[in-house]
Structures are given as C-alpha cells and as structure tokens.
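> Residues per chain are reported as follows:
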Amino acid sequence: MVMPPAVAAASGTPGNASLTLQTVASLGFGPHADWVSYLAKNPQGKWVHSTNLVVPANSLIHVTIYQYDTATGLRNPFWGEPEGTVGEAKVNGKAIPILNPDLASHTFAIPELGVTVPLKGVADNAKNQCSLAPCTLAEAHNTITFTFRTGKRGTFRWQCFVPCAAGFILGFGGPMQSLGYMDGLLHVV
Amino acid sequence: MIDVAGRRVSRHGVQIVAIWAVLTAIAVPLIVFVLGPHLPPGRMSAEASDQTDANTVLTALMAPIILIVAIQIVYSLVVFRARGDAIEDGAPIRGHDPTVLAWIVLTSVIVLALAVWGSYTLVQSARGAGGGQGPSPADLPKGGKTPLPIQVIGQQWAWTFRFPTYKAFETRQLELPVGKVIAFHVTSIDVTHSFWAYELGVKADAVPGVDNVAFVTPRKLGRFTIRCAELCGLWHGHMALHGRVVSASDFDTWVAQQKAANAQIIPDLGPYQRVYFPEPKHRAG
Numbered sequence: 032m033v034m035p036p037a038v039a040a041a042s043g044t045p046g047n048a049s050l051t052l053q054t055v056a057s058l059g060f061g062p063h064a065d066w067v068s069y070l071a072k073n074p075q076g077k078w079v080h081s082t083n084l085v086v087p088a089n090s091l092i093h094v095t096i097y098q099y100d101t102a103t104g105l106r107n108p109f110w111g112e113p114e115g116t117v118g119e120a121k122v123n124g125k126a127i128p129i130l131n132p133d134l135a136s137h138t139f140a141i142p143e144l145g146v147t148v149p150l151k152g153v154a155d156n157a158k159n160q161c162s163l164a165p166c167t168l169a170e171a172h173n174t175i176t177f178t179f180r181t182g183k184r185g186t187f188r189w190q191c192f193v194p195c196a197a198g199f200i201l202g203f204g205g206p207m208q209s210l211g212y213m214d215g216l217l218h219v220v
Numbered sequence: 005m006i007d008v009a010g011r012r013v014s015r016h017g018v019q020i021v022a023i024w025a026v027l028t029a030i031a032v033p034l035i036v037f038v039l040g041p042h043l044p045p046g047r048m049s050a051e052a053s054d055q056t057d058a059n060t061v062l063t064a065l066m067a068p069i070i071l072i073v074a075i076q077i078v079y080s081l082v083v084f085r086a087r088g089d090a091i092e093d094g095a096p097i098r099g100h101d102p103t104v105l106a107w108i109v110l111t112s113v114i115v116l117a118l119a120v121w122g123s124y125t126l127v128q129s130a131r132g133a134g135g136g137q138g139p140s141p142a143d144l145p146k147g148g149k150t151p152l153p154i155q156v157i158g159q160q161w162a163w164t165f166r167f168p169t170y171k172a173f174e175t176r177q178l179e180l181p182v183g184k185v186i187a188f189h190v191t192s193i194d195v196t197h198s199f200w201a202y203e204l205g206v207k208a209d210a211v212p213g214v215d216n217v218a219f220v221t222p223r224k225l226g227r228f229t230i231r232c233a234e235l236c237g238l239w240h241g242h243m244a245l246h247g248r249v250v251s252a253s254d255f256d257t258w259v260a261q262q263k264a265a266n267a268q269i270i271p272d273l274g275p276y277q278r279v280y281f282p283e284p285k286h287r288a289g
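Same order as they appear, the protein sequences are chains A and B. For the first sequence, counting from 1, position 70 maps to 101 in my numbering; every step adds exactly one. For the second sequence, counting from 1, position 102 maps to 106 in my numbering; every step adds exactly one.
If you're looking for bench data, these hints aren't it; they were derived computationally from the structure. Any given hint could be a false lead.
Lysine-lysine pairs mimicking DSS-like chemistry, simulated, CA-CA at most 27 Å apart [claimed, not checked]:
#	chain 1	residue 1	chain 2	residue 2
1	B	LYS224	A	LYS151
2	B	LYS224	B	LYS149
3	A	LYS183	A	LYS125
4	B	LYS263	A	LYS121
Selected chain B positions facing chain A (Cβ under 10 Å, derived; list incomplete) [as the list claims (entries may be wrong)]:
#	residue
5	ARG166
6	THR169
7	GLN268
Using N, Cα and C, we set each Cβ at its ideal position, and we do this for glycine too.
With the hints as extra help, turn the sequences into a complete structure.
Below is the structure:
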C-alpha cells in the first residue's frame, strides 16, 4: 500500500483549522490517470494528490470541498443526510438538510467520528467541465462547506460511500479501494 | 513387567496411565469450573450461552486426549532417551489388541456422542447456531413469541440498521431490549459481509440479495461488539462498532430519539424491503 504524502490543514485562529479539498472525475496523471480522486490543498496553496490529511486535535475543522465530478448516486440513501457537522453543511452557500440520493457524486465520511457529508454532483450537461486535475474555479463545480469538531488524537479512516469507480464491478473497485483516491486517513494530532 | 489384575503389564504403561489419570482429574474440573466461565462468547444471550456450553464441553473432552498424547511424548523423551554414545535398536514394537480396541471404541463413543449432542443443540436450540437460517427460518422462537425484526445492512464499509416496526427508520447505532426475541434480517447492498455480534453469539453472513434471519434473545444489559467477519475490502477491519442491550423502557426512549433524528431522511430511504438491489447509476457498473 502506497501512502500518499501528508497534507496538513491550514491553521487559523486557535482551535480552528481549514481543510480544502477537491474531487475530480479523472485525475489526468499518474499510474491511474482515469481514476476518480480527491486532491488536497496544502498550506502553501498547492494542490496535492493526497487523501492523507493532518488536522489538530480538539479543534473545529472548516472544510471546503470543490466538487467537480458529476453525480453517480448513493447506493444507500441513508448517507444523503449530513451528520456529525457543527452547524449546517452547505452547497454553494445553501444549507442541505438532505441531499437527493441520486444527485450525490461522493461523500466525505469519517465513520468513527460520525461525520458524513454528501457532495452534490455537477450536472451532466454542465458547460466547461473539468477534464484534468487540479481543476480551477473557472470550471463547473459545486462548493460544499461544513465544519466538524475533532476530539483527542488518533488516526481515523475516511471514505466515499458513493460507488463512483467507473469501469469497476458495481462501482466499488479501483479508486474506491485505494488510499489517495476515494479513501484516506485523517491524522488528528 | 508388573502384575495388574492378574495380567502382565509394562511398568511404563502403568506409570503413564497413572500420570494421565491424575492430570485429567485436575484438568477437567479446572476447565469446567475455572476456565469455562471465561470461554467465548459469554452469556449475554441465550444463543451465546449455548455456544459457551459447547466450547466448555469440547474443551473438557479434549483435555484427556491432549494429555495422553502429551504425556506419552514427554515420558518417552525423559525415560527412553538415548544414553551414552552407543546407538542401539530399541525393543521391538508388537501390537496390543486390547489397547487398539479400547482406543477405537473410546474415540468412536466420544465422536458419536458429540455428534448426537451437537445435532440436538442445533435442532432443539437452533438459535444457538448464530449463523442465521436463511430467508425461511425453520426453527422459530419458542412459545409463539413474536420477534422484533431488525434489518442489518452491510455496505463497504459500515453497518446500518433498519427497524421496520418503527417507520423503518435507519441508524448507525444498534440498541436491543433485554429479554426480547430479536430477528436480525442480515443482508448486504454490495459485497458479502458477515455480521458478527460477538457477545451475542451471532455471526451471520450478509449476502447481497439474501435475507439471512438470525434469532437472538439478549439476557444481560451491557455493551457488545460488532465486527465484520468476512474480508470485504480496504476498510474491512474498520467495520466495527459497539451495540448495547438496554432495558425495555430505555429502548423505547432510544427508538423515539432515533425516529426524531431520522425524520427527515426516512422519506428518502424508500420502502422497507427484505433485500435491496440498488442498480448501478450513471457511470458506475
């Protein structure tokens, strides 16, 4: 198993940190250029192909996810309700108490922390869709924002619950089974 | 050679049997009364108790067999070890029909007795199997008790639980009322998982398209461990959580809380079904 490089959250005021992620339909480079993937922005503002995240303990983590991928749909609609956030999860500034399961492109879920946020996909017919990571804000996307609270130190897995792996049986192979793509580790330090 | 009941018996044989008898007399009570209460899975449910009893009986029966083999080996290493530099042939080995006959009879009796006892446990108390009885259980709860149905849904990589009796709400937590017969309806919406509620004595396969029914009757309040017992992908080892057995009133309170918390998502969950065949959507598949 290849461990992607660690990406630390950007520190803010005491007790606060920010994570900025993006999802892309196909990475466009590397050994699996056509795989769907997450990317993380490091504190220097550079996009890194990694899902190996580092956040501070006992803090509020403010997450922004630029969602460039189209919808695949949840296999279990249960994950369409955001859980475990501090305040509401928002899509393009609007609160989403429930996301229509068919509109979900991915989820950002940390099951051990009880955090699940569905990510609304870009419309299939959206213009100017991103074809190569890292995508830019000029390309079609949804912006999902939410906050969750970390507790004591530890390492937790995070994952996508949408079967979004194109070309794999039931959409659950390849990137859905690989660190650095649709699965990651959250190091609370 | 010495005389035992008028027969000529090897001194070594008598010593081995004597050592075996003494150690067996010590080991079996220790297993039954000291080790037995600590053998898995415990006594949190009627089914778990059956399994703990089975493990205790099997361990107690194995002890004399293991001891006779171990004593023979150790005795031979100590008493019959080569001494000095000379390499000599040992005494010729000749058959001893009574010993062979006794061994065959004894082992046959043990195996057949275990087969009868195991079958009785399985049939009379099929709850004890813990592995589920498939979609059409043959052995229903005794006394016409109506079980509380709880659907267990395996998915990569989490368990969720649906309660058809209570508006089919779905939750990530599992609480059970003590003393109530539970019917777990175990299924999966992707690959094969295995729902292992360790202290309850339940380990039922979660297979896509199959409603695997496993009955359990919690007897003790407390926490139990849930894991996936079927290698199911990257985060298989993380498909773990704890459930709780609570009093009936606490269970009612918990259900009310869960229904309220899930009120918004319930309409989107779709109707309760015994199995689900979610179609691959869009590009997946």
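> Find the hints from earlier in the document that the structure breaks and name them by number, from lowest to highest.
1, 3, 6
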